[in-house]
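2 protein chains.
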Amino acid sequence: MARITIADIARRAGVSTGAVSYALNDRPGVSKETRERILSIAAELGWAPSQAARSLSGARAETVGLILARDPHTLGYESFYMQFVAGIESELATRSYGLLLQVVEDLDAEVQAYRRWRAARRVDGVVVVDPRAVDPRVELLAERDALPAVVVGDPSLAGGLTSVWTDDAAAMRESVRYLADLGHTRIGRVSGVEDFGHTHIRDVAFTDEATSRGVQAVVRRTDFSPERGAEATRRFLDGPDAVTAIVYDNDVMALAGLGAAHEVGVRVPQDVSLVAWDDSPLCLAAFPQLTALSHDVTSYGAHVARRLFERMGGARPGSYLDSTPTLKVRGTTAPPAR
Amino acid sequence: MARITIADIARRAGVSTGAVSYALNDRPGVSKETRERILSIAAELGWAPSQAARSLSGARAETVGLILARDPHTLGYESFYMQFVAGIESELATRSYGLLLQVVEDLDAEVQAYRRWRAARRVDGVVVVDPRAVDPRVELLAERDALPAVVVGDPSLAGGLTSVWTDDAAAMRESVRYLADLGHTRIGRVSGVEDFGHTHIRDVAFTDEATSRGVQAVVRRTDFSPERGAEATRRFLDGPDAVTAIVYDNDVMALAGLGAAHEVGVRVPQDVSLVAWDDSPLCLAAFPQLTALSHDVTSYGAHVARRLFERMGGARPGSYLDSTPTLKVRGTTAPPAR
Chain Z
190 MARITIADIA
200 RRAGVSTGAV
210 SYALNDRPGV
220 SKETRERILS
230 IAAELGWAPS
240 QAARSLSGAR
250 AETVGLILAR
260 DPHTLGYESF
270 YMQFVAGIES
280 ELATRSYGLL
290 LQVVEDLDAE
300 VQAYRRWRAA
310 RRVDGVVVVD
320 PRAVDPRVEL
330 LAERDALPAV
340 VVGDPSLAGG
350 LTSVWTDDAA
360 AMRESVRYLA
370 DLGHTRIGRV
380 SGVEDFGHTH
390 IRDVAFTDEA
400 TSRGVQAVVR
410 RTDFSPERGA
420 EATRRFLDGP
430 DAVTAIVYDN
440 DVMALAGLGA
450 AHEVGVRVPQ
460 DVSLVAWDDS
470 PLCLAAFPQL
480 TALSHDVTSY
490 GAHVARRLFE
500 RMGGARPGSY
510 LDSTPTLKVR
520 GTTAPPAR
Chain C
190 MARITIADIA
200 RRAGVSTGAV
210 SYALNDRPGV
220 SKETRERILS
230 IAAELGWAPS
240 QAARSLSGAR
250 AETVGLILAR
260 DPHTLGYESF
270 YMQFVAGIES
280 ELATRSYGLL
290 LQVVEDLDAE
300 VQAYRRWRAA
310 RRVDGVVVVD
320 PRAVDPRVEL
330 LAERDALPAV
340 VVGDPSLAGG
350 LTSVWTDDAA
360 AMRESVRYLA
370 DLGHTRIGRV
380 SGVEDFGHTH
390 IRDVAFTDEA
400 TSRGVQAVVR
410 RTDFSPERGA
420 EATRRFLDGP
430 DAVTAIVYDN
440 DVMALAGLGA
450 AHEVGVRVPQ
460 DVSLVAWDDS
470 PLCLAAFPQL
480 TALSHDVTSY
490 GAHVARRLFE
500 RMGGARPGSY
510 LDSTPTLKVR
520 GTTAPPAR
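Line by line, the protein sequences are chains Z and C. Each residue of the first sequence is one higher than the last, beginning at 190 in this note's numbering. Each residue of the second sequence is one higher than the last, beginning at 190 in this note's numbering.
In isolation and in its complexed conformation, chain Z is listed as follows (with noise of 0.2 Å):
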């Protein structure tokens, strides 16, 4: 596949590479019907403008960055991301963005990737995920200059950038509420990575909203996989202060509780509660179906891409809540056996 040049357009259409640079341009110096004749000629050839003579330019590289900080061995366990990249693409497909996807090591690793991607022009604007207390990338994007982003989180990580969030703490509240009313007395969570901003959040909701409703709270922390959420569960189902209710940070960690408990033979819900984050076809497939704090993830990525563009349009930065996610009560959870 050779590349195409304006002199091919050119040639094909019978008229001068100029002729050919101001319909492409869309500036005026050819008829509308030879203007039309040359666009549906270079469409037809595959012709686009080079990357190299568009960045010079000044145009857009008509890409959106995304990093993910993340030992990639990980990625394939959560749903999650796949469903927030799925959504972040439906609406980047409508405008033919590409979406240029990374995987590092760390932050000081993500921040050399903004780095080089800004002073290589290679994306237009950049999604920002899993926020934390104290976060380089954020200092580094709030610069003059920097390359717009968007960050998916709550707005006190966000250092003054564009935020889009959902309403962790409050959804945390209403599931704690939700188990308290049922008549649980000592409830455990099955918690997410430490450094993870939103995992605090969670955090402080949970045993906050718990202590005010006089009921016992118990966090264990995992890296979200599904051993480690096993292994939680076990631990929360054996001895003296077992928990009769837990609240997971995901989805599959909630799958792999409810597989632990029925190994062991503890029943859900007789037994055990369980509740479990990001709703999703596996909390459907499940059985019993799982509770669970539901959020359309799909819609959450297009909402942010939504104001990426924006945001590259020259909009303001601002916060914006995407939703609260709310509890979808199924088959995993009832009052505590007496």
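Simulated from the structure, these hints should not be mistaken for laboratory data. Ideal Cβ positions, reconstructed from N, Cα and C, are used throughout, including at glycine. Possibly wrong hints are sitting among the right ones.
Some chain Z residues well away from chain C (every beta-carbon gap over 12 Å; in silico) [stated by the list, open to error]: (1) A199; (2) R200; (3) V204; (4) V219; (5) E278; (6) T283; (7) D343; (8) A358; (9) D384; (10) Q405; (11) V407; (12) G428; (13) D440; (14) S512; (15) L516; (16) K517.
Cβ-to-Cβ under 7 Å is the rule here; a few derived chain C residues that face chain Z [unchecked claim]: (17) L288; (18) L444; (19) A445; (20) H451; (21) P470; (22) A474; (23) F476.
DEER-style ranges, computed between Cβ atoms [unchecked claim]: (24) C:S512 <-> Z:H451: 48 to 54 Å; (25) C:S285 <-> Z:R456: 50 to 56 Å; (26) Z:D334 <-> C:S488: 38 to 44 Å; (27) Z:G372 <-> C:S488: 46 to 52 Å; (28) Z:D297 <-> C:G372: 56 to 62 Å; (29) Z:V408 <-> C:S285: 36 to 42 Å; (30) C:R200 <-> Z:V323: 50 to 56 Å; (31) Z:L510 <-> C:E233: 36 to 42 Å.
Please build the complex by placing chain C on the supplied structure of chain Z, with the hints as guidance.
Below, chain C alone, put in the same frame as chain Z:
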């Protein structure tokens, strides 16, 4: 963040811009010490050659492309793609390459995107997934001077391009043999999307092996979603012609099928045996744990990326068998009830 230029580096290093250029392009003309100092300052300042300058000089985009011609909303269903992308990223990350991920409506749009990417030098090579029996992408990428490509699928579908594949036919035959040996005489297959080449290969192996064993084989098509997987399962469980074993085309449909069986009071594995394809943490999290055709999808993605780097480096096309999925027998398969 201002754009870093060669002049900035020269100023900081106290040398001429010519010396910086020699050092950055690894050409003689500066001492080893000066070169190292310049490179260190360039790294510190976050300098990167502009994409524009690199493209004009024929340098690499340091980006690999992956296009998924699917409804973006269905992408969240399957853990396959996230694990596969994670595997690709594990190889890209070590080379500081990015993955340009784009979701398009259909194969025509995918072909157009390849043309645009090629013309604009957006990527150095592409990974082609879900090959069809007649595939316009393969035709395009087999042209002279086309983008380097690796097809993920059977060599019979790759049109002479480099391919990395798993022996799905052998894996399917193994499952059918295993179920036949257990005593099942009527087996169902919950199949995927019809025009995917691998769906056809599995269909043929399924019915062929069943026939040669004197086993009745019934195929139901789905769109890979858990909803359709559950629905197909309910139809397989109902009525006088019900099957006693079901082989699924992915993991979420098998999980949904397990849920559907529980729901209607059909015991697994006593009343019906279930086999999943694409073993995943979900299969282990289910109860009973799902018998599955196990295949390390993350390592498959990494293998594909390595072959693409070889191809981009000038290696000739070849076909590489990644592995044959192996049957992991767990809790959802047993002899049929008498």
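Hints and how they fare:
1. With a cut of 12 Å on Cβ distances, Z:A199 stays outside the contact zone with chain C, its closest approach being about 16 Å.
2. At roughly 17 Å from the closest C-beta of chain C, the C-beta of Z:R200 stays outside 12 Å, upholding its exclusion from the interface.
3. The non-interface label for Z:V204 is consistent with chain C: the shortest C-beta to C-beta separation is roughly 20 Å, beyond 12 Å.
4. Z:V219, annotated as away from the interface, keeps every beta carbon of chain C farther than 12 Å; the closest lies near 22 Å.
5. The beta carbon of Z:E278 is not kept farther than 12 Å from every beta carbon of chain C, the shortest such distance being approximately 4 Å.
6. The beta carbon of Z:T283 is not kept farther than 12 Å from every beta carbon of chain C, the shortest such distance being approximately 10 Å.
7. The claim that Z:D343 is not at the interface with chain C holds, since no C-beta of that chain comes within 12 Å of its own (minimum 23 Å).
8. Listed as outside the interface, Z:A358 is consistent with that label: its C-beta sits roughly 25 Å from the nearest C-beta of chain C, beyond the 12 Å cut-off.
9. Taking the minimum C-beta to C-beta distance to chain C, about 20 Å, the non-interface status of Z:D384 holds against the 12 Å cut.
10. Under the 12 Å C-beta cut-off, the non-interface status given to Z:Q405 relative to chain C holds; the minimum distance is some 27 Å.
11. The beta carbon of Z:V407 is kept farther than 12 Å from every beta carbon of chain C, the shortest such distance being approximately 22 Å.
12. The non-interface label for Z:G428 is consistent with chain C: the shortest C-beta to C-beta separation is roughly 22 Å, beyond 12 Å.
13. Look at Z:D440: its CB is around 10 Å from the nearest CB on chain C, not clear of 12 Å, so calling it non-interface is violated.
14. With a closest Cβ-Cβ approach of about 17 Å to chain C, Z:S512 is found to remain outside the 12 Å limit, as its non-interface label requires.
15. Residue-level check passed: Z:L516 sits 20 Å from the nearest beta carbon of chain C, beyond 12 Å.
16. Every C-beta of chain C lies more than 12 Å from that of Z:K517, the closest at about 15 Å, which supports listing it as non-interface.
17. At about 5 Å, the closest approach between the beta carbon of C:L288 and any beta carbon in chain Z falls short of 7 Å, and the interface hint on this residue holds.
18. Interface hint at C:L444: satisfied, since its Cβ lies 4 Å from the closest Cβ of chain Z, which is below the 7 Å cut-off.
19. Interface restraint check for C:A445: the shortest CB-CB distance to chain Z comes to about 4 Å, inside 7 Å, so the restraint holds.
20. Because the closest C-beta pair between C:H451 and chain Z is about 4 Å apart, less than 7 Å, the hint holds.
21. Contact between C:P470 and chain Z, as hinted, is supported at the beta carbon level, the nearest pair being about 4 Å apart and thus within 7 Å.
22. Evaluation of the C:A474 hint against chain Z yields a held restraint, the C-beta minimum of about 4 Å falling below 7 Å.
23. For C:F476, the interface hint holds, the least distance from its beta-carbon to any beta-carbon of chain Z being 4 Å, beneath 7 Å.
24. Checked against the hint of 48 to 54 Å, the C-beta distance between C:S512 and Z:H451 comes to roughly 31 Å, which is inconsistent with it.
25. Remark: the range hint 50 to 56 Å for C:S285 to Z:R456 is upheld by a beta-carbon distance near 51 Å.
26. Take Z:D334 and C:S488: their Cβ atoms lie about 41 Å apart, and the range 38 to 44 Å holds.
27. Between Z:G372 and C:S488 the CB atoms are about 47 Å apart, so this pair conforms to the stated range of 46 to 52 Å.
28. A hinted range of 56 to 62 Å holds for the C-beta pair Z:D297 and C:G372, which are about 59 Å apart.
29. Judged by the Cβ atoms, the range 36 to 42 Å given for Z:V408 and C:S285 holds: they are separated by roughly 37 Å.
30. Between C:R200 and Z:V323 the C-beta distance comes to about 32 Å, which lies outside the given range of 50 to 56 Å.
31. For Z:L510 and C:E233, the hinted distance range of 36 to 42 Å is satisfied, since their beta carbons lie about 40 Å from each other.
The structure is inconsistent with the numbered hints 5, 6, 13, 24 and 30, although it conforms to all the rest.
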